[in-house]
Amino acid sequence: MSNIATNEKIPNNVNLAEDRRLQRALEQWQPSFLDWWREMGPEGFQLQDIFLRTAISADTDGWAHFDYVRMPEYRWGIFLADPVPNRTIGFGDDYGKPVWQEVPGEHRNALRRLIVTQGDTEPASVEQQRFLGKTCPSLYDLRNLFQVNVEEGRHLWAMVYLLHSYFGRDGREEAEALLQRRSGNPDNPRILGAFNAPMQHWLSFYMFTYFTDRDGKYQLLALAESSFDPLSRTTRFMLTEEAHHMFVGETGILRIVERTAEIMKQHPSDDPRRHGVIDLPTIQKYMNYWYSLSLDLFGGEVSSNAAHYFASGLKGRAHEDRFEEHSALDAYYAMDVLEDGKLTREEVALRNAMNEVLRDAYVEDSQRGVDKFNKLLTEAGIDFQFKLPSRRFNRQVGLFAGVPVSVEGELLTQAAWDARRDAWLPTEADEAYIHHLMSQPVYEPGKMAHWIAPPKRGIKGRPVDFEYVRMD
Amino acid sequence: MAESSTDSLPISFDAHPSTYRHWTLDLQGDVATLAMNVVEDGGLRPGYVLKLNSYDLGVDIELADAIQRLRFEHPEVKVLVITSEKDKIFCSGANIYMLGRSSHAFKVNFCKYTNETRLYLEDLADHTGIKTLCALNGTASGGGYELAMACEHIVLTEDGNSAVSLPEVPLLGVLPGTGGLTRLVDKRKVRRDLADAFSTVAEGVRGKRAVEWGLVDESIPRSRFQAGLQASVERLRGAATERSGPGVALTPLTPRRTEDGHGVAWEHVTLRLDEARRTAELELRGPRAAQPETASALRELGASTWALQAFRELDAAMLELRFNHQHIGLWILKVSGDPATVLAADAALLKLASSDWFAKEILLHMKRVLKRLDLSARTLFAILGEGVAVAGSLAELVFAADRSFMLDAEGGPTLQLGPMNFGPLPMSNGLTRLQTRFLNDPAHVEALRRLTAPLSAGEALRQGLVTFTPDDIDWEDEVRIAIEERAAFSPDALTGMEASLRFAGPETLETKIFGRLSAWQNWIFQRPNAVGERGALTVYGTPERPSFDYRRT
Ligand SMILES: [Fe+2]
Ligand SMILES: [Fe+2]
Numbered sequence: 003m004s005n006i007a008t009n010e011k012i013p014n015n016v017n018l019a020e021d022r023r024l025q026r027a028l029e030q031w032q033p034s035f036l037d038w039w040r041e042m043g044p045e046g047f048q049l050q051d052i053f054l055r056t057a058i059s060a061d062t063d064g065w066a067h068f069d070y071v072r073m074p075e076y077r078w079g080i081f082l083a084d085p086v087p088n089r090t091i092g093f094g095d096d097y098g099k100p101v102w103q104e105v106p107g108e109h110r111n112a113l114r115r116l117i118v119t120q121g122d123t124e125p126a127s128v129e130q131q132r133f134l135g136k137t138c139p140s141l142y143d144l145r146n147l148f149q150v151n152v153e154e155g156r157h158l159w160a161m162v163y164l165l166h167s168y169f170g171r172d173g174r175e176e177a178e179a180l181l182q183r184r185s186g187n188p189d190n191p192r193i194l195g196a197f198n199a200p201m202q203h204w205l206s207f208y209m210f211t212y213f214t215d216r217d218g219k220y221q222l223l224a225l226a227e228s229s230f231d232p233l234s235r236t237t238r239f240m241l242t243e244e245a246h247h248m249f250v251g252e253t254g255i256l257r258i259v260e261r262t263a264e265i266m267k268q269h270p271s272d273d274p275r276r277h278g279v280i281d282l283p284t285i286q287k288y289m290n291y292w293y294s295l296s297l298d299l300f301g302g303e304v305s306s307n308a309a310h311y312f313a314s315g316l317k318g319r320a321h322e323d324r325f326e327e328h329s330a331l332d333a334y335y336a337m338d339v340l341e342d343g344k345l346t347r348e349e350v351a352l353r354n355a356m357n358e359v360l361r362d363a364y365v366e367d368s369q370r371g372v373d374k375f376n377k378l379l380t381e382a383g384i385d386f387q388f389k390l391p392s393r394r395f396n397r398q399v400g401l402f403a404g405v406p407v408s409v410e411g412e413l414l415t416q417a418a419w420d421a422r423r424d425a426w427l428p429t430e431a432d433e434a435y436i437h438h439l440m441s442q443p444v445y446e447p448g449k450m451a452h453w454i455a456p457p458k459r460g461i462k463g464r465p466v467d468f469e470y471v472r473m474d
Numbered sequence: 363m364a365e366s367s368t369d370s371l372p373i374s375f376d377a378h379p380s381t382y383r384h385w386t387l388d389l390q391g392d393v394a395t396l397a398m399n400v401v402e403d404g405g406l407r408p409g410y411v412l413k414l415n416s417y418d419l420g421v422d423i424e425l426a427d428a429i430q431r432l433r434f435e436h437p438e439v440k441v442l443v444i445t446s447e448k449d450k451i452f453c454s455g456a457n458i459y460m461l462g463r464s465s466h467a468f469k470v471n472f473c474k475y476t477n478e479t480r481l482y483l484e485d486l487a488d489h490t491g492i493k494t495l496c497a498l499n500g501t502a503s504g505g506g507y508e509l510a511m512a513c514e515h516i517v518l519t520e521d522g523n524s525a526v527s528l529p530e531v532p533l534l535g536v537l538p539g540t541g542g543l544t545r546l547v548d549k550r551k552v553r554r555d556l557a558d559a560f561s562t563v564a565e566g567v568r569g570k571r572a573v574e575w576g577l578v579d580e581s582i583p584r585s586r587f588q589a590g591l592q593a594s595v596e597r598l599r600g601a602a603t604e605r606s607g608p609g610v611a612l613t614p615l616t617p618r619r620t621e622d623g624h625g626v627a628w629e630h631v632t633l634r635l636d637e638a639r640r641t642a643e644l645e646l647r648g649p650r651a652a653q654p655e656t657a658s659a660l661r662e663l664g665a666s667t668w669a670l671q672a673f674r675e676l677d678a679a680m681l682e683l684r685f686n687h688q689h690i691g692l693w694i695l696k697v698s699g700d701p702a703t704v705l706a707a708d709a710a711l712l713k714l715a716s717s718d719w720f721a722k723e724i725l726l727h728m729k730r731v732l733k734r735l736d737l738s739a740r741t742l743f744a745i746l747g748e749g750v751a752v753a754g755s756l757a758e759l760v761f762a763a764d765r766s767f768m769l770d771a772e773g774g775p776t777l778q779l780g781p782m783n784f785g786p787l788p789m790s791n792g793l794t795r796l797q798t799r800f801l802n803d804p805a806h807v808e809a810l811r812r813l814t815a816p817l818s819a820g821e822a823l824r825q826g827l828v829t830f831t832p833d834d835i836d837w838e839d840e841v842r843i844a845i846e847e848r849a850a851f852s853p854d855a856l857t858g859m860e861a862s863l864r865f866a867g868p869e870t871l872e873t874k875i876f877g878r879l880s881a882w883q884n885w886i887f888q889r890p891n892a893v894g895e896r897g898a899l900t901v902y903g904t905p906e907r908p909s910f911d912y913r914r915t
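Chains L and X, in that order, are what the protein sequence lines are.
So the first sequence is numbered by my numbering: it starts at 3 and just counts up by one.
So the second sequence is numbered by my numbering: it starts at 363 and just counts up by one.
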């Protein structure tokens with residue numbers, strides 16, 4: 003396996019050819035990564051040519067190259083966004099001082115934890131999605147799935163690069179452990195809850211890429227502010243790829259809604275399920291489920307870790323430069339907390355509320371796509387609007403973990419919640435219906451499964467009926 | 363650091379499994395499972411939330427009670443499993459916000475009490491023979507891991523997340539306060555450099571590495587955890603001590619206020635407070651009637667056996683003084699009763715203890731209570747005045763004292779030694795109080811064994827058994843002046859001086875925990891780097907970061 007980590011094999015802009023130490027580390031890690039990919043990557047399709055984009059530079063234009071490639075031969079590369087000259091720390095106690103090119107010892111453990119937690123989500127989602135190829139609604143979607151998969155693989159590479167380059171032996175061990183944890187395995191699960199949730203069909207896939215990848219976006223935005231410059235540069239580049247993942251989610255949901263709306267117009271008085279599409283209330287339930295699961299990923303509403311990360315300049319707010327004040331020291335954040343079984347407004351020190359601040363930005367951003375789905379329904383003349391549930395609904399982390407709260411955000415008794423659960427979250431019957439609907443894959447170029455509308459356009463100027471995956 | 367104004371609310375140490383709030387004691391045949399499930403808003407005092415199975419004194423009082431009851435009430439139990447009912451979290455240690463709100467004196471007493479509880483857990487395994495297993499079904503951090511280390515066998519679940527950790531140094535700028543550092547290297551014999559690395563990584567160590575480093579004994583994948591636990595229970599069961607039933611119920615004690623309202627009286631113990639002089643008189647009386655000489659008679663008397671009840675009462679009085687009367691700096695120890703009855707009771711217990719678990723438990727209990735006396739950070743003066751005759755186990759109070767005064771008068775008080783003074787009631791250093799007293803002359807201790815007659819003040823003084831023996835003309839003044847002088851010294855200096863003088867001789871895990879670890883911890887607890895305006899403990903959980911004065915001493 004010598005010479006594997008060379009310039010051609012691993013596209014990079016980190017001067018890998020001259021960094022012997024890093025080369026050696028990655029040479030050892032790469033075979034393990036490929037083993038992991040074969041074992042836990044997409045089931046099947048490893049020999050097919052797939053029309054994929056590969057990152058080849060960090061230039062704003064022309065950073066990606068599109069061509070057919072077999073997934074195991076994908077050139078997972080290491081790219082950092084260009085350095086910002088004279089960049090200074092943008093928030094926290096060390097505001098205005100030069101950013102760090104090396105890890106300061108006192109922040110080593112916390113930074114490693116942040117990087118490992120982010121890094122762990124990347125292979126996790128590949129594992130969660132590994133069986134979806136067998137039920138894809140079109141070659142276009144199949145290709146998008148694999149595009150997301152290989153890029154999550156590249157994001158793993160990006161985090162592993164940081165671990166190998168800056169964290170010594172611990173970093174190498176953590177990089178190894180990233181390949182050993184398994185989504186959903188009780189003995190060695192992925193670190194965060196949502197990344198252990200089963201994802202068995204394409205409705206969940208679109209919801210995941212819409213809601214959960216969007217959590218990724220906000221985590222990356224917060225890490226892009228980091229005083230640890232290599233982390234900042236790495237995450238800034240990852241964001242360019244992440245945009246596509248959310249595009250897959252948003253357009254996927256939109257196309258399902260479009261198809262259902264079409265059928266509803268044709269058969270206004272029928273249950274859409276009779277016509278083989280997904281009824282809007284069921285879509286709403288999956289939305290409730292994945293949205294609440296993704297909200298958990300931001301962590302507790304009041305968090306001393308979050309305060310510590312902010313104070314020490316490790317993790318900022320999304321778009322820190324849009325805030326006027328960057329110490330966040332003598333400021334407060336008003337939030338609803340639970341006191342004696344009642345919701346009470348409480349002022350929390352702003353630094354301790356940083357998870358909630360990031361969640362705010364996420365909630366706002368999540369609403370944008372929902373507005374598009376609703377606009378489509380309005381234009382189709384259908385009297386139904388999607389609504390994001392209250393952020394207190396169905397939470398497993400934070401102040402409202404396990405607290406029975408309605409989608410509107412009101413506190414309920416456990417019995418009242420249980421009685422309405424099936425109206426809010428997917429039931430076994432819903433799952434069975436979706437599985438039934440999606441049991442057959444569509445591998446014919448240009449053809450779409452019955453329950454989803456075709457996309458408006460293809461990839462990189464290719465037509466929708468382009469052979470995105472060569473099935474022979 | 364703001365001290366809680368509720369610090370002065372009296373604390374009750376009464377507990378019973380039927381009223382536990384934070385633990386469930388489940389008995390299945392010969393296995394007892396003690397599962398922690400701390401009620402978040404069930405703190406002993408207002409102002410903090412007991413999140414993530416963190417504990418305060420109230421939680422520990424229940425734990426101590428459960429350990430005590432297993433000894434006496436459940437002889438059928440061979441294995442004690444300590445675990446948690448919370449998913450993915452075993453215990454996260456003493457509650458930081460509780461510590462932050464507490465006065466220094468309370469923190470110190472809290473740590474001392476929890477330390478004693480953990481030593482009782484070890485005593486349960488070592489001497490009662492109930493094997494202890496800690497089933498870490500989730501993360502054990504700080505005091506949570508220290509509790510685990512007080513068990514003989516630690517099993518950690520392997521789920522990619524659960525870890526053991528001592529995050530005090532990196533996270534809070536203090537030390538693990540319940541023997542953690544000492545047990546790491548002294549009990550578990552973790553290599554000191556690995557212990558050093560472990561104690562500075564806040565997130566701790568998981569799975570296989572925790573086993574490799576000796577931090578836990580087994581690491582079992584989550585899906586096989588229960589089965590693996592069962593196998594460990596089977597193994598431990600074989601090594602447990604056989605004890606036949608029935609158990610002896612520990613009936614509640616019945617303290618009442620003394621008539622003057624300035625004290626508490628139990629059946630064999632009376633506590634009289636003198637707030638103005640900052641002293642308390644602690645009187646322990648001998649048995650009023652002859653004590654049982656057979657195992658069956660002893661069992662019949664149960665918890666009202668003098669040696670059990672009197673020392674339970676003494677224990678209660680000490681806790682009352684430690685927690686609820688912190689300004690009382692000097693305890694005047696007094697004993698009374700018929701020496702022959704005491705010596706007979708002692709002899710019967712010693713004889714029965716070799717074959718009867720109940721007699722043995724009574725002895726072990728006396729040992730623990732006397733250790734608690736040694737470890738109390740108050741001046742102890744023993745006063746043997748008019749009409750007093752001290753013998754056997756009661757004489758241990760005299761030897762526990764920092765000084766003793768015995769009236770020298772015709773027909774005055776006597777002191778009589780017995781077998782209890784020569785082995786069954788060791789101190790934390792592993793020696794008897796007499797061995798510690800005569801560290802320079804072990805032969806003298808042997809000679810004293812043969813000195814079985816009652817000793818007058820003059821004789822007791824010659825034998826080195828008491829400190830001062832004023833005659834009846836000087837007595838009143840000498841004793842008064844000694845007490846007044848003592849009560850006027852710096853309480854801090856006295857605490858340090860007494861603790862340094864009481865435990866001569868060899869070091870043990872216990873003396874290291876109380877003498878070294880606790881002393882360092884108490885020092886750190888006072889330092890600006892911990893509790894100053896920007897100290898680590900002060901700013902924990904606030905948006906600020908600590909700022910240290912980096913000068914080392
Ligand atoms: Fe990603
Ligand atoms: Fe993504």
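Some clues are possibly wrong.
What the hints assert, rightly or not - Computed list of chain L residues with no C-beta within reach of chain X, every gap over 12 Å:
(1) Ala179
(2) Asn187
(3) Ser306
(4) Phe312
(5) Ala333
(6) Ala351
(7) Asn354
(8) Gln369
To be verified - Listed next, the in silico DSBU-like pairs over lysine-lysine satisfying Cα-Cα at most 35 Å (straight line):
(9) Lys570/X to Lys450/X
(10) Lys219/L to Lys874/X
(11) Lys287/L to Lys874/X
(12) Lys874/X to Lys389/L
(13) Lys713/X to Lys450/X
Said to hold, decoys possible - Derived Cβ-Cβ restraints for the label pairs, each shown as a range:
(14) Thr386/X to Asp84/L: 27 to 37 Å
(15) Asp449/X to Pro33/L: 30 to 40 Å
(16) Gly491/X to Ala417/L: 10 to 20 Å
(17) Pro188/L to Ser380/X: 57 to 67 Å
(18) Ala19/L to Ala593/X: 48 to 58 Å
(19) Pro33/L to Pro890/X: 49 to 59 Å
(20) Arg553/X to Pro188/L: 28 to 38 Å
(21) Pro100/L to Gly867/X: 55 to 65 Å
By construction, these hints were calculated from the structure, which means they are not laboratory data.
Note that the Cβ used here is the ideal one computed from N, Cα and C, for glycine as well.
Here is how each hint holds up against the structure:
| no. | hint | in the structure |
| --- | --- | --- |
| 1 | Ala179 | violated, 8 Å |
| 2 | Asn187 | violated, 8 Å |
| 3 | Ser306 | violated, 5 Å |
| 4 | Phe312 | violated, 8 Å |
| 5 | Ala333 | violated, 9 Å |
| 6 | Ala351 | violated, 4 Å |
| 7 | Asn354 | violated, 6 Å |
| 8 | Gln369 | holds, 29 Å |
| 9 | Lys570/X to Lys450/X | holds, 18 Å |
| 10 | Lys219/L to Lys874/X | violated, 52 Å |
| 11 | Lys287/L to Lys874/X | violated, 60 Å |
| 12 | Lys874/X to Lys389/L | violated, 62 Å |
| 13 | Lys713/X to Lys450/X | violated, 48 Å |
| 14 | Thr386/X to Asp84/L: 27 to 37 Å | violated, 59 Å |
| 15 | Asp449/X to Pro33/L: 30 to 40 Å | holds, 37 Å |
| 16 | Gly491/X to Ala417/L: 10 to 20 Å | violated, 48 Å |
| 17 | Pro188/L to Ser380/X: 57 to 67 Å | violated, 35 Å |
| 18 | Ala19/L to Ala593/X: 48 to 58 Å | holds, 53 Å |
| 19 | Pro33/L to Pro890/X: 49 to 59 Å | holds, 53 Å |
| 20 | Arg553/X to Pro188/L: 28 to 38 Å | holds, 32 Å |
| 21 | Pro100/L to Gly867/X: 55 to 65 Å | holds, 58 Å |
Violated hints, listed in ascending order, are 1, 2, 3, 4, 5, 6, 7, 10, 11, 12, 13, 14, 16 and 17; each of the other numbered hints is respected by the structure.
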